[in-house]
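Novice: Please build the complex by placing chain B on the supplied structure of chain A, with the hints as guidance.
The listed protein sequences correspond, in order, to chains A and B.
Residue numbering for the first sequence follows our numbering, starting at 1 and increasing by one per position.
Residue numbering for the second sequence follows our numbering, starting at 1 and increasing by one per position.
Treat the hints as calculated values from the structure; they're not laboratory data.
Each residue gets a CB set at the ideal place from its N, CA and C atoms; glycine is no exception.
Wrong hints could be hidden among the right ones.
What the hints assert, rightly or not - Pairs of lysine to any residue residues, derived as SDA-like cross-links and limited to a Cα-Cα distance of at most 20 Å, are as follows: (1) K47/B / T325/A; (2) K35/A / R76/A; (3) K109/A / N42/B; (4) K59/B / Q438/A; (5) K47/B / D303/A; (6) K184/A / N42/B; (7) K436/A / R137/B.
To be verified - One-sided and incomplete, this derived list gives chain A residues near chain B with beta-carbon spacing under 10 Å: (8) Y88; (9) K91; (10) D105; (11) M111; (12) D112; (13) V132; (14) A190; (15) W192; (16) T255; (17) A403; (18) S413; (19) T419; (20) K421.
Claimed, not checked - DEER-style ranges, computed between Cβ atoms: (21) Q326/A / G53/B: 41 to 51 Å; (22) N44/B / K436/A: 49 to 59 Å; (23) I127/B / D156/A: 33 to 43 Å; (24) N61/A / Q281/B: 48 to 58 Å; (25) A425/A / A136/B: 27 to 37 Å; (26) N153/B / D51/A: 37 to 47 Å; (27) G116/B / A89/A: 24 to 34 Å; (28) G437/A / A136/B: 42 to 52 Å; (29) D108/A / L21/B: 34 to 44 Å; (30) N44/B / A425/A: 29 to 39 Å; (31) N44/B / D75/A: 15 to 25 Å; (32) E55/B / D108/A: 18 to 28 Å.
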Amino acid sequence: MKKALKVGALTLTAALALSVTVAAQAPAASYTCAKKTTVTMLGTIKPEIQDQFLAAVADYNKSQSCYTLKSIPGDRNLTFLQNVTPMYAAKHAPTIMYTLQEIPDMADKVMDWKGQRLTQLAPKGLLAAANVGGKQVGVPSTAEAFGLLYNKKVLDAAGIDPTTIKTRTDLEAAFKTLQAKGKKAIHFSAIWWSLGAHFTNIYHTDAASTHEGRLAVLDSLAAGTKDLTVDPVFKNWLSTFDMLKKYNGSAVNLTDTEYDASIADLASGNYGFMFQGNWTEPNLLQASATTDFGIMPLPISNDAKAYGNDSIPVGVPGYFMVDNTQSTATERKGAVDFLTWLYTSAAGQHHVSDPTTTTGGGMGFIPVYKQWNVPPSTFMSKAIAGFVNAGKTTEWINTYYPAGLQETVGKVSMQQYFTDKISSADLAKAIQAAWKGQVKTWRGATK
Amino acid sequence: MSQQSRSQQIRKFLTFGAIPLSIFLAVLVYPFAQGLFLTFTNWNGFKYTKLAGFENYTKSFRDPTFWATLGFTLKFVLVSVILVNAVAFGLALLVTSKLKSSNIFRTFFFIPNLIGGVVLGVIWQFIFNTAITAIARKFNIPFFQDSWLNDTNKAFWALIIVTIWQSSGYMMIIYITGLISIEQDVIEAAKVDGASPLRMLTAIKIPLMAQAFTISLFLTMRAGFMAYDVNLALTGGGPYRTTELISMHIFQEAFAFGHFGTGQAQAVLMFFMVAIAALIQVRISKRLEVQQ
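Okay, chain A solo, but in the shape it has when bound:
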C-alpha cells in the first residue's frame, strides 16, 4: 500500500517458512444455496490493484451459489472514517471493511474473528495489531516491507554488493563509489508519510531489541520523561538522516508529486538507492522493464551487530473487518466465506499473489497465511522472503502511533529538519512534544 501508514505486525518468520513447505491443500468447498445473498465490501483493498481484486471477486461469485460479493467504491480522496461514518449514520454499513489506523475506532462495531479458519492460519504475531482487548477485530491482508531500495543494474555496474553493507560507514562508502562512477547516490524523499511513518519507525524499531522495550520507549515519550538527545540509537538515527540528506541527489520537493518523481529517478538508472517500500516495485518494473530492484536494511549504527542494522521492517498494511451491528448473520457468514476463499483456495491464492502482477495478473501480495502454494517470484519479493526466512525483520512500531501523530511529525518537524529550518535539537524536542500526553493506545487504552 502506497501510504502504508500505521501498520501492524511482529514477525513473519513462521508465516513464510510454512508457506513454502506446505503444498497440500483442502479443496474449496462447493456448496449450493437456493438464493444468493449480497455481501458488500467497501473499496478494493487499495486502488492500485482494483482491477485484479475485482477479477477475484468475479471468480468467487461464479464459484458458488450462496453469496454475491459486491465492492462499493469508496471515495479515494477521503479517509476511511469519512467514507464509513455516513454509511453507519444511514444504517447502511458495508459488511467487509479494510483499514489499519482506525482499528481501535471500529473495534466495538465489528465481528470477533476468534476461532475462524483464517485466524488459525495467520501467524500469531500478525494478528496482534488487530487484537483490541482480547477481541480479534481483523485479519491481515498481506505483508509489506520498507528500507533502502536499490537499482540492481546500477549497483552491479558500480561493483557494489548490497549484502556487504553492514554499517552506516559502509553505506557512505557505497554512496561515494556511486558518485565516483558518475551516478547519483540516493533519492531521499521528503514525502511527509515516508518521513512521518516509515523513517521515524527506523528509530522506534531499532530503539530496543524486544517488543516490550520498544513499547516502553513509547510509554516514556507519552509520559514526557524521554530525552531523545541522550539516546544513542536516536543519535545514530539522526546521523543517518544527515547522511542521507547530504548524499541526496534530487531537489527537495515537499509535495505529493515527489512520490512519482522518486520512482522515475530510481527506475531511470541515474540513482543507486531510495528510501521506500516494496509497494513501489510494480511501478518501478513498469517504468524500467529490464531492471531488477532490490531491498536492503538501512543500517544506522556503525556497529554491524547493533539491533536492527541487518533487518528490514516488515508489517501488515491493513486488516479485514466484518461489521457486526448492521449486517445479518448470513451476510457475515458470506463475508467470512469470501475472505477464506480468497486466502485458502487455489484460485483465491492465485489472485492474491500471482507473480505476474506487473502484467495485470494477480495482486502480487506477499503471502502471510499458512498453507500457501504460490511462491514469490519478483526479485524484491524474493529478497523480502529471504529476510523473513532468516529472521531478519523488525517491527512496524508506526502501527502503534496514535492517529494524527505521523501527520504532525511528518508534515511539520521532519520536513522542517529536512529543509534545514530547524536544528536536530529542535527536531528531538518537536518529536517529544508530539508524543507527550498521548493516550496509550499501544497498551490497549481507549481514548
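Specialist: This is chain B only, laid out in the frame that chain A set:
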C-alpha cells in the same frame, strides 16, 4: 384584486412552497441543527455518550494552530478578493472595449473556470514543482529554481495565483453584464460633456454597475473562506502545515486526528464568521449602489 381567504392562501403556499420548503428543512436546517447539537457532545464520528458543554469550543480556542490557520485564511481572503476582482474587472473592461477578437478573449478567460479545482491544483503543482524550476535552472534564474511550494510565503502567492486564474474569468462575466447594462445615452451624454475615459470609468461606469461589485465581492469572499480543493491539490497544507486554510484544518482535525467534536465546533465557528463577514460586506456594498 379580491381578498383571498386564509385557506386559499394556505393552499397556494402548499402548492408552490411545500416541496421546496420541506427539502430546505430536510437537507439544510435539520443537518445544521444536528451539527450544532453535536458540538456540545463528545461525538466520535459514530456516536456520542455524553454532553460536553462548551468543551469543544474552549479546546478550539486554546489550539494555537486553529488561530494560525484563521490568520492565514483571513489573509488569503483579503488578498484574493482584491486581486480576483481587480483582474476580473480589468478583463471585463478589456473585452468590452472595441477589440476585434473580444469574443475569443472572453472564451479564453472563462475556460479556467470550467476546470475542477483538484485538476487545476495538480496541473499547477506540476508547473510550480517541475516546469518552472526546470526552466529556471536552464536559464539560471535563482528566484524560481527552488519550488515555490517549498516556502510558506511563496506557496501563499502560488495559491493566490491559481485562485485568480480559476475565478477571475467567472467574475469577469458578471462585470461584463454590469458594463453592458449601462445605458448608452448616459455614456453619450458624458462624452458630449467631454469626460475623459478615466473620469467616465470612476464617475459613470463604476457607480452605475455597483451591483455587479456587490455580487462579485460576495462570491469571491465566500469562495475564499470555503476554499478547499485548490488548497488540497496544490499545497496540501504544506510546507510544514503552514498553508492550511480553515476548511482543510477542520477536515484534518476531524478525519486525520479523529477529533470530531472540535472539528465540528470549528466548522460552526467558521459558519458564523463567514455569515458575519458576508452581511457586513453586502450592507456596505448596497449603500454604494446607485438607482438610475
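Novice: Determine for every hint whether it applies to the structure shown.
Specialist: The hints, checked one at a time:
Between K47/B and T325/A the CA atoms are separated by roughly 13 Å; this keeps the pair inside 20 Å, and the hint holds. A distance of roughly 33 Å separates the Cα atoms of K35/A and R76/A; the hinted pair therefore is violated under the 20 Å criterion. Of the supplied pair hints, the one linking K109/A and N42/B holds, its CA atoms being roughly 18 Å apart against a limit of 20 Å. Distance restraint check for K59/B and Q438/A: the Cα-Cα separation of roughly 16 Å lies within the 20 Å cut-off, and the hinted pair is therefore satisfied.
Annotation: proposed proximity of K47/B to D303/A is violated, straight-line Cα distance about 51 Å (limit 20 Å). A distance of roughly 52 Å separates the Cα atoms of K184/A and N42/B; the hinted pair therefore is violated under the 20 Å criterion. Taken as a hint, the K436/A and R137/B pair is broken in the structure, with Cα atoms around 43 Å apart against an allowance of 20 Å. Below 10 Å, beta-carbon pairs count as interface contacts, and Y88/A has one with chain B at about 6 Å; its hint therefore holds.
Hint status for K91/A: violated, given a least beta-carbon distance of 12 Å to chain B, over 10 Å. This hint holds: D105/A has a C-beta 7 Å from the nearest C-beta of chain B, less than the 10 Å allowed. Residue-level restraint check for M111/A is violated (minimum Cβ-Cβ distance to chain B is 16 Å; threshold 10 Å). The criterion of a C-beta within 10 Å of any C-beta in chain B is not met by D112/A, whose closest approach is roughly 18 Å, and the hint is violated.
A cut of 10 Å between beta carbons decides the hint on V132/A: the least distance to chain B is about 15 Å, and the hint is violated. Hint status for A190/A: holds, given a least beta-carbon distance of 9 Å to chain B, under 10 Å. Interface restraint check for W192/A: the shortest CB-CB distance to chain B comes to about 7 Å, inside 10 Å, so the restraint holds. Against a cut-off of 10 Å between C-beta atoms, the interface hint on T255/A holds, since the closest Cβ of chain B lies about 5 Å away.
For A403/A, the interface hint holds, the least distance from its beta-carbon to any beta-carbon of chain B being 5 Å, beneath 10 Å. A least Cβ separation of about 8 Å between S413/A and chain B falls short of the 10 Å threshold, and the interface hint therefore holds. With 10 Å as the threshold, the beta carbon of T419/A comes within range of chain B, its nearest partner Cβ sitting at about 7 Å, so the hint holds. Interface hint at K421/A: satisfied, since its Cβ lies 7 Å from the closest Cβ of chain B, which is below the 10 Å cut-off.
Separation of Q326/A from G53/B is about 31 Å and departs from the stated range, judged on CB atoms against 41 to 51 Å. Look at N44/B against K436/A: about 22 Å separates their beta carbons, and that is not inside 49 to 59 Å. Taking the beta carbon of each, I127/B and D156/A are about 38 Å apart, inside 33 to 43 Å as hinted. For N61/A paired with Q281/B, a C-beta distance near 57 Å keeps the hint of 48 to 58 Å intact.
A hinted range of 27 to 37 Å holds for the C-beta pair A425/A and A136/B, which are about 34 Å apart. Under the hint 37 to 47 Å, the C-beta atoms of N153/B and D51/A, about 43 Å apart, fit the expected range. Checked against the hint of 24 to 34 Å, the C-beta distance between G116/B and A89/A comes to roughly 27 Å, which is consistent with it. Our hint of 42 to 52 Å for G437/A and A136/B holds, since their Cβ atoms are close to 44 Å apart.
In this structure the supplied range 34 to 44 Å holds for D108/A paired with L21/B, their Cβ-Cβ distance being about 39 Å. The supplied range of 29 to 39 Å is met by N44/B and A425/A, whose beta-carbon atoms lie about 37 Å from each other. Here the CB-CB span from N44/B to D75/A is close to 21 Å, well matched to the stated 15 to 25 Å. Between E55/B and D108/A the Cβ separation comes to about 23 Å, which falls inside the hinted range of 18 to 28 Å.
In this structure, the earlier hints numbered 2, 5, 6, 7, 9, 11, 12, 13, 21, 22 are contradicted, and the remaining ones agree with it.
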